[in-house]
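Using the sequences and the accompanying hints, generate a full structural model.
Below, each chain spelled out in residue letters.
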Amino acid sequence: MSKINKTKTAGIVIETLATFLSISLIIFFLLYLADANFSEAIRGFIKSSIGGRKNAYLFTTFSKMALITGMAIAALIAFRAGLFNIGGEGQLVVGGLVSAFVGLSVADFGLYGILLALASGMAAGAIWALLSGFLTIYMGVPLLVGSLLLNYPARYISSYLVSHPFRDVNSGLPQTFLLPKSVWLPYFQGTRLDVGIILIFLVYLFILVISQKTKYGYYSKCMGISFSFAKISGLPTKKIVFETLALSGAIAGLVGSIAVLGIHHRFTDGMLVQPLYAWTGIIAALMVNLNLWGIPLAGFFFAAISTGAAGMERIAQVPKEIATIIQAIIILFVVGKLGSLGSASISSGESDHD
Amino acid sequence: MHVSLRGITVDFGNLRAVDKVSLEANAGEIHAVVGENGAGKSTIMSVLYGSNTDFSGDILCNGKRVSWSSPRDAIKAGIGMVHQHFMLVGNLTVLENITLGNELINQFGFIKFNTIRANILNIISRYKIHIDLDELVDNLSVAQRQIVEIIKLLYRESMVLILDEPTAVLTPNEREIFFHSLRNFKAENKTIILITHKIDEVMDIADHVTVLRNGKLISSSHLNTTNKEKISQEIVGREIPRLNIKRGAYENKKILDVKDVIIKTNFNAKQAINFCIKKGEIIGIAGVSGNGQTELIETLIGIRRASDGEINLLDRNIINENTQTRRMMGISFVPQDRQRDGLALGASVWENACITKVNNKKFSWGSFLRKENMKAFSRSLIREFNIKVNGPDALVRTMSGGNMQKLVVARELSSQCPLIIIENPTWGIDIGSIAFIHQKIMDIKSAGVAILLVSNELDEITSLSDSAFVMYEGTLSKRISKGENFRELIGQHMLSGFNTYYSPTGISPDE
Amino acid sequence: MIEDFLDPEFFSSIARLTTPILLAALGGLICHRAGVFNIALEGFILLGAFMAVLGSYIGDSAFWGALSAILGGIFLALVFSEFHLRRRGDPIVVSIAINLLGLGLSTYLLRSIFDVSGVFSHPNIHKLPTINWPFLDSLWLLDLIFNDQSILFYLAILSVIAFHYFLKYHKIGLWIRVAGENQEALRSSGSNPVQVKFLALLICGIFCGLAGAQLSISNVGLFVENMSAGRGWIAVVVVLLCAGRPIPLFFLIILFGVVDSLSLRIQGLGLPQQITEMMPYIVSILVLVFASFRRFRFSSKTHL
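Chains as they are written, first to last, in the working numbering: chain A, 1 to 354; chain B, 1 to 511; chain C, 1 to 304.
Possibly wrong hints are sitting among the right ones.
Claimed, not checked - In silico DSBU-like pairs for lysine-lysine, Cα to Cα no more than 30 angstroms straight-line: (1) B:K375 x B:K362; (2) B:K361 x A:K215; (3) A:K213 x B:K357; (4) B:K478 x B:K440; (5) A:K213 x A:K238; (6) B:K279 x B:K254; (7) A:K238 x B:K375; (8) B:K228 x B:K253; (9) C:K171 x B:K76; (10) B:K216 x A:K8; (11) B:K228 x B:K186; (12) B:K362 x B:K440; (13) B:K228 x B:K279; (14) A:K215 x B:K362; (15) B:K357 x A:K238; (16) B:K482 x B:K270; (17) A:K213 x B:K270; (18) A:K239 x B:K264; (19) B:K278 x B:K478; (20) A:K239 x B:K361; (21) B:K361 x A:K213; (22) B:K388 x A:K215; (23) A:K213 x B:K362.
These are computed hints drawn from the structure, not numbers from a lab.
In structure tokens:
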């Protein structure tokens, strides 16, 4: 038996090394294509992901980590219940947009204004997610497709609103006016890191508790493993679907609010779409095989890749899109190791032969 | 054609599924291979059919060593197989299904459907079979699908027919006709290998019987040198536990009363369903699977909407309630498909054991779970039902089929509901677990629970139930009470749609 | 008002707007029938579009552009096969990764090879040839719709018919259908479902690559970052809706083309661009809703 375990362990080690080597080779090939100085690129990568003067870049990474972790949690709780909500992007965008509008109009309420802006962002995200749930449950549109398609109206409507009726014309860009300082999320003292990361941490704790300790967490887990099991056992499946989507959308909306109130202080067209926060969050959730404990680490990891790549672009002229490629490759190498995604594999329409 | 398997060994990971088994089948012979679930019957046949190429040992056809790289080679050599789960494609036509695997093509790879059609029409007129080649397989009954599988073999001119549990989907009457066909094939000098777990069938029709147990060859002998008792001993390897049936009388109190319910099925039947179950009574629903039993159950537990009628549980009409409410009001349910419907395989034992009881004050406090109590409860179920598992935190995925089923039964039987619906509770599990589960069912019957037992196994219905109905094409027969001819009467009611497609003497060549 | 809509440009733009989606959807259709849940069409198209520009620029001809677009599609198809068929990764996850890979690679290569970001256009990018059918010249409407279109437009139309017959009567077509319905039945009949699925993915790669080429080097002759802009998702929706049948697929795509073309017209009348660009997605959702009420046959398994 121990012999089997040994060969097994050796196999895993070799496989991990092989995976690591393949990924490194691909990255070097990409760097070669970009005609970059390898050592310069790598130094730039490391320095700007976790270094910088007064750790400035590390704080940038943390601030990105908050957003990515938030989106990862939003994806995770839906996937865990077997609901393939890949509409995080749309929920993020409407959350950010609504809290920008609310933020602009509640400048005089101080802290309450901030809370109101955050809450309305969450509500908007939740409503957007519930819309796809409504399409699924009552209109027969597959959630996978429905949630994804709703990304585009969110994207285009927000783009229209900030480039026409609510545009800050003088800024020259399609964006809203700058929010008054009174509704900015406060920074940690002496840094440019806003308290959004604390909000995300609170969300994380909240999700940990409800998924481990409550009926809802128990039910949604079982529903995620087998939808028909949940139905036959008499679980309130419809309610779980809507609760889960509302929660998932609210968290995505909160991330949008944090990006607006804490980082950019206005809503600029494409600012939440282009950095692929939603997709990175999904990838992060999948990378840790939907295990909540691993989420913060995965969030930090992908945030570091993203800021590191931005640094590499500054220092070694390597396009920062290398981060997207690296994310994709990592998840490809990890995906074979994951089990099927519970009843989420319903969406694949494929019968797993056992 | 004479086939022989010599010293076949198959490993699935660390598990040895077949251990040095040898087997000889002669032309013009019906060779039965018997054994319990998991004895290795299907595995060894997949070796002969070429769908499992990862084995050691030799296959010989007419004395020559052969090796297959895929079923295609075996098919070419004249070996055909009808799997227990038919290998048919629902939304393809009968013609396309028969063509698959033996496509006659032109030089561009297009299939010559006209030639193939003519060939098949030839076969079906020679054997007097009636079937529409352009019908979608989805629209055929189970018996008709089996005929399509057999036409497939005839079309490929197979000389060796491997039939895996062919009678599982047939009514007693259809079975007789089917056996006629087998005798006809035997007379045409075909080699027939019949996999079954029913000893009566072996005694009826086989010439030679091979017994497997736990992947090992136990015996292989001519039928006239062995007997029924000996074979069943060899299959189980020990005494078969006897069921302790104390058939207490039931009380005259209606627990479930189904009145004029119309069930939506794929059949056109619009006949209303009427029956009632009394306290401490077991009502059996017999019938070949796919005749509307699933729809009936789904209607009773609230997953499928009934269009009309009343379902009275303890004198309250529950027809508009959802599953959750119905369960709370006192229905528990053991589904057939434990892997999909009965259990969440990726969750732990305690998560599975308590799923229907979370609202119990013992197990939750407001929205919060009381996990310690849940685990303690699971431990007591594990003990009481003798479930072999490492404890309440173990994943259900790691359990054997019999233990999984025990867990489902344990959960549902411990719910103290006045009514339990049980669907094929012993499907695909070992004889020991079957006896245990049957005993538990009888125990709760004496405790006064009303039980609806839906089963495809005639023996299960006849030995457990007080009265039975037969379900056929979406309608229920009249009530058959337990009495002398219980088994025969049920058999008669499992009306046969078979005669329409077979001639009465089965598939027989036109002389 | 009506005349504003129905000017010649309206009709001729239908073919221009539908061809990329049609080509991609044909690729997706083959995967769907083979039981490969490929929702990475977006990434396939995007890389195809970039590769077309690259090939056309380097090889100095549209032919090399189309060929390199095909190679781009095949490359991602191979990646899909490796991680889904061989390593048995969940197809949805693999698709998400490949969509990101297509986006990342096309942008990265654009910046590192051509040293531009955003848009790349160059006189060296050769466009795909168009075909003029003289006999159509005098037939007003047919001339507008069918004449002087890119060569890939005609290929796409022919492929619709070819796919129909291929799936129905060809040996491989039958295998593809069986692979998608019941792969155990295929295995038991002696064919290897994995090989059949691999073939389907290759065909999909080729068609999506061509879809990309149609997008970048047919009318415009330039590459824009993320220029597929959700067309791959529309193709996925269309494949789902028509349950993998080529002829209904064709008519559905025409519907999308008409909507697209109409919204372009409306934009001409002063409606903001964002609203018109949103139309195809709104229509997709509406059609999905309509389809489920009409009980169109599409896999009930995909409901959640």
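Here is how each hint holds up against the structure:
For the given pair, B:K375 sits about 11 angstroms from B:K362 by alpha-carbon distance, which is consistent with the 30 angstroms threshold. At most 30 angstroms may separate the alpha-carbon atoms for a hinted pair to count; B:K361 and A:K215 meet this at roughly 12 angstroms. Restraint check: the Cα-Cα separation between A:K213 and B:K357 comes to about 16 angstroms, which is no more than 30 angstroms; the hinted pair holds. Distance restraint check for B:K478 and B:K440: the Cα-Cα separation of roughly 28 angstroms lies within the 30 angstroms cut-off, and the hinted pair is therefore satisfied.
In summary, the hint linking A:K213 to A:K238 is supported, as the alpha carbons are separated by about 21 angstroms, within the 30 angstroms threshold. Distance hint between B:K279 and B:K254 is fulfilled; the C-alpha atoms sit about 6 angstroms from each other, no more than 30 angstroms. Under the criterion of a C-alpha separation no larger than 30 angstroms, the hint pairing A:K238 with B:K375 is consistent with the structure, at around 28 angstroms. Restraint check: the Cα-Cα separation between B:K228 and B:K253 comes to about 43 angstroms, which exceeds 30 angstroms; the hinted pair is violated.
Simply put, C:K171 and B:K76 have alpha-carbon atoms about 17 angstroms apart, close enough for the 30 angstroms limit, and the pair holds. Between B:K216 and A:K8 the CA atoms are separated by roughly 29 angstroms; this keeps the pair inside 30 angstroms, and the hint holds. Between B:K228 and B:K186, the direct Cα distance comes to roughly 23 angstroms. Compliance with the 30 angstroms bound is thereby established for this hinted pair. With a C-alpha separation of about 25 angstroms, the suggested pairing of B:K362 with B:K440 holds against the 30 angstroms cut-off.
Distance restraint check for B:K228 and B:K279: the Cα-Cα separation of roughly 38 angstroms exceeds the 30 angstroms cut-off, and the hinted pair is therefore not satisfied. This hinted pair checks out: A:K215 and B:K362 have alpha carbons roughly 13 angstroms apart, not beyond 30 angstroms. For the hint linking B:K357 to A:K238, the alpha-carbon distance of about 19 angstroms falls within 30 angstroms, and the restraint holds. A threshold of 30 angstroms between alpha carbons decides the hint, and for B:K482 with B:K270 the separation of about 28 angstroms falls inside it, so the pair holds.
In summary, the hint linking A:K213 to B:K270 is not supported, as the alpha carbons are separated by about 48 angstroms, beyond the 30 angstroms threshold. Proximity of A:K239 to B:K264 is assessed by CA-CA distance (about 26 angstroms); at most 30 angstroms being required, the pair is judged to hold. Annotation: proposed proximity of B:K278 to B:K478 holds, straight-line Cα distance about 17 angstroms (limit 30 angstroms). Using a Cα cut-off of 30 angstroms, the hinted pair A:K239 and B:K361 holds, with the two alpha carbons roughly 21 angstroms apart.
Between B:K361 and A:K213 the alpha-carbon distance is near 15 angstroms, which keeps this suggested pair within the 30 angstroms criterion. Pair hint B:K388 plus A:K215 holds up; C-alpha atoms about 27 angstroms apart against a cutoff of 30 angstroms. About 15 angstroms separates the Cα atoms of A:K213 and B:K362, which keeps this hinted pair within 30 angstroms; it holds.
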